[in-house]
Structures are given as structure tokens and as C-alpha cells.
Amino acid sequence: MGASDLIMYEEEFQKIKEIISKLRVDANANVVFLVDKNGQQIAATGDIESLDTTSLASLTAGNVAATDGLAKLIGEREFSVLFHEGEKDNIHISIVGGKVILVVIFDERSSLGLVRLRVKRGSDDLGKVFQQILEKTERERASGKSTFESPFAEITDEDIDALFKD
Amino acid sequence: MSFINYSSREINCKIVYYGPGLCGKTTNLQYIYEKTNPTAKGKLISLATETDRTLFFDFLPLDLGTVRGFKTRFHLYTVPGQVFYDASRKLILKGVDGVVYVADSQEARMDANAESLQNLVSNLQDHGFDLKTIPYVLQLNKRDLPTAVPLEEMLKTLRYKDEPYYEAVAPKGIGVFDTLKACAKQVLLELSKK
Ligand SMILES: Nc1nc2c(ncn2[C@@H]2O[C@H](COP(=O)(O)OP(=O)(O)O)[C@@H](O)[C@H]2O)c(=O)[nH]1
Ligand SMILES: [Mg+2]
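So the sequences go chain by chain: D and E.
At position 162 of the first sequence (counting the first as 1) the number is 162 in the working numbering, and the numbers step up by one without a gap.
Just so we're on the same page, the working numbering is the position in the second sequence counted from 1, plus 1000.
Hints listed in this document are in silico derivations from the structure and should not be mistaken for laboratory results.
Values in this document were obtained by computation on a predicted structure and should not be read as measured data.
Incorrect hints may appear among the rest.
Think about it this way: if two alpha-carbon atoms lie no more than 30 Å apart in a straight line, the pair counts; the simulated BS3-like pairs of lysine-lysine are [claimed, not checked]:
#	chain 1	residue 1	chain 2	residue 2
1	E	1094	D	136
2	D	72	E	1094
3	E	1043	E	1090
4	D	165	E	1193
5	D	165	E	1161
Per label pair, the in silico range of CB-to-CB distance [claimed, not checked]:
#	chain 1	residue 1	chain 2	residue 2	range
6	D	77	E	1051	43 to 49 Å
7	E	1069	D	116	53 to 59 Å
8	E	1035	D	108	42 to 48 Å
9	E	1035	D	48	26 to 32 Å
10	D	138	E	1133	45 to 51 Å
11	E	1128	D	140	18 to 24 Å
Idealized CB from N, CA, C, for every residue including glycine.
Generate the whole structure from the sequences, applying the supplied hints.
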């Protein structure tokens, strides 16, 4: 697997969900979610039923990618925070550990100051968990055997054909 | 970069449709969108100019069903084809798992095809990918047009390795799913090797 592939394990996934749930409560936010820089949603919490989180994830990643491109153009490494202010809802976007995007959606029941403060702490906690995942993945790669058997190790042509039947 | 979640038992992969402006990339995604069961797809997002030219990307999330108990989800992206959008094009290749190259069969577009393929090779290299090894399918689109260059000639100029190729008429759906399937298959087989 490429060096940058992301693998999520049960234990760390639970931790991540706890951290973002806590962040949502502490920041008085409506929604908190995590996306990888390629636009794949990692976890979400809050009022997400009415929200198209897949589209949100892809557009957020596109937004961050474009902003990263802008940063490099003017000689910055990255802009670590993006903030979009709406009439009712606001979006706060920040980067955790250089790799993962943390999105907080909030309205007038919270404030930018509070969100900033809580995001800072949440990011530190999340950063630690992602570091753990990285180390775990590296260890498994180095030992050459995985605790989890790859579900695709013995994939057949029939398996793939079945996906396209209908 | 595929993302495997052992907790929610999901695997996410990214396929990018590449090719010169107006070759039919967006049309491929539109056809896939129209023909896919509503439960299996998300919204088709197009970041386009007022004249419907792709500005940043089109995006279509597709659930293909389960393999070995894992939900497989493909994220399909197109790039803006016009030469001056190169910076955006490069961004979209980030973390790609498989590439579909859509060529425009019209005689007048042969130079644009070759140029865009070269651009793909170099933009992939910038992300540390090699077109020789990454899952890759060649689609020869617009085969319905009278000005279409003969197949043999197109293959001679555009075939990069022993990649599978399909003749297509994207608005009619000819070759569209064959192309996607061939690419998805390589991506999943690649995962099985890891
Ligand atoms: N005749 C013909 N027209 C096509 C075909 N595929 C796409 N087109 C048309 O070509 C134009 C550009 O297609 P589009 O998908 O927007 O190109 P993109 O720039 O690669 O996204 C549209 O008017 C399409 O209807 C094809 O196979 N045959
Ligand atoms: Mg387009």
C-alpha cells in the first residue's frame, strides 16, 4: 500500500468519535466532522441527517487544496485556518497533523472565539490519535503481517463482476 | 490513496477522468449518474463556469456494493481540460487510485490529446505516481463523429502501456460503464496486492 494510504482501526475510530463529540459540545457547534485531504469523510457528529456529508467532504477538500495552492504561490507553507461566515451558519476549517481536515459548523449560539479555543484543544487530541494510527500502520507494515487480514487479499474476478451486476 | 475503515467496514477509492477540454469527461460522469440506482449514488457536483465548462472538478460518489463484507465506494472526479487550468488539474490528482484517460477521436483534436496525455504523465510524477504502474484505462470517445480518426492510428499515438482501451460514445453511454468497470477492477486488484 502506498505510504500515504490511510487505514482506520476500531480502537482509534472510537477515540476519534469521542473527541469530535466532545468538541461539538464544548464549542456549542452544530456539526463537527473530519475529512482526509483527498475528500474522504472519516467521521462526523451532530445534526448531520439533513446534511449531504459526502459532498461536503469533497468540496471541503477541494477548498483546502485550492487554498494550499494559493499559499504556495505566495510562499506560505499553508493557511492553517479557513473561516467562512454566513448569515446564519459559519464554517471553521482547520488542518490537523498536516493531513486531516477538521470542519466545525456553528451558528449564533456559539462564537468564533469559542470555536477557535476548543478546536485548538481538540486538534491536539486528534493529532495524537492520528500519530498512533500512523505508528500502528508502520509497525504492521514492518512486521510484514497484519493483525487485520486485508479484505481484498483474495479478491476474484467474480467478486468484481458482481459489483457491476444490475 | 484508498481509505480503508476497518471499524465501519468501508473502503473508499478515487478515480480521476483526465483528458483535453471537451473530450467528454463530464458527459461520462453524467451518464453514470443517470444510469445509477438512486440508493447507490450521491449528488453529482459540478464546479463549472457559466458556460458549463468545468472550472475545478466534477465529483460523483458511487457505492458499488460489498466485497467480502466491505462497502466499496468510488469517488469519481473529472479535471478541467483547458490548458490554463493546470494548477487545478494537478490538485485533483492528489491521492488518486486510478485514472481514466478520455481521448477525443476527432482528427482536429489529436494534438490536444497527445499534449494532455503528456500533461497527465508529468502531473502524476509531481505526486510521485507513475502512469506505467498506476491503474489506468484509455477511452477513445466520440467514435460516432464522421471526422473520427481510425482506431489503429489513435492507439498508435495514445496507447501508453498495455492498458485496456474502449471505444465510446459517451452521451449514448457506449463504452462508459466498460471503462469505469475496467478501472475499478484494476484499483481493487491493486488493493489485493498490498
Ligand atoms: N458526438 C459526440 N459528442 C460528444 C461525445 N461525448 C461528449 N460529447 C459532447 O462534447 C461536448 C463536451 O463534453 P464534456 O463532457 O463537457 O467535455 P469535458 O470538457 O471533457 O468535460 C458536449 O457537448 C458533449 O455533448 C461523443 O461521444 N460524441
Ligand atoms: Mg468537463
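Hints, one by one, checked against the model:
The straight-line distance between the Cα atoms of residue 1094/E and residue 136/D is roughly 24 Å, inside the 30 Å bound, and the hint therefore holds. For the given pair, residue 72/D sits about 16 Å from residue 1094/E by alpha-carbon distance, which is consistent with the 30 Å threshold. For the suggested pair residue 1043/E and residue 1090/E, the alpha carbons sit about 23 Å apart, so the restraint of at most 30 Å is met. Proximity of residue 165/D to residue 1193/E is assessed by CA-CA distance (about 24 Å); at most 30 Å being required, the pair is judged to hold.
As the CA atoms of residue 165/D and residue 1161/E are separated by approximately 28 Å, the hinted pair is consistent with the 30 Å bound. Under the hint 43 to 49 Å, the C-beta atoms of residue 77/D and residue 1051/E, about 36 Å apart, miss the expected range. At about 41 Å, the CB distance of residue 1069/E to residue 116/D disagrees with the hint of 53 to 59 Å. Checked against the hint of 42 to 48 Å, the C-beta distance between residue 1035/E and residue 108/D comes to roughly 43 Å, which is consistent with it.
In this structure, residue 1035/E and residue 48/D meet the distance hint of 26 to 32 Å, their C-beta atoms being roughly 28 Å apart. In this structure the hint that residue 138/D and residue 1133/E lie 45 to 51 Å apart at CB is violated, the actual value being about 22 Å. At roughly 22 Å, the beta-carbon separation of residue 1128/E and residue 140/D lies within the given 18 to 24 Å, and the hint holds.
Violated hints for the displayed structure, listed by number in ascending order: 6, 7 and 10.
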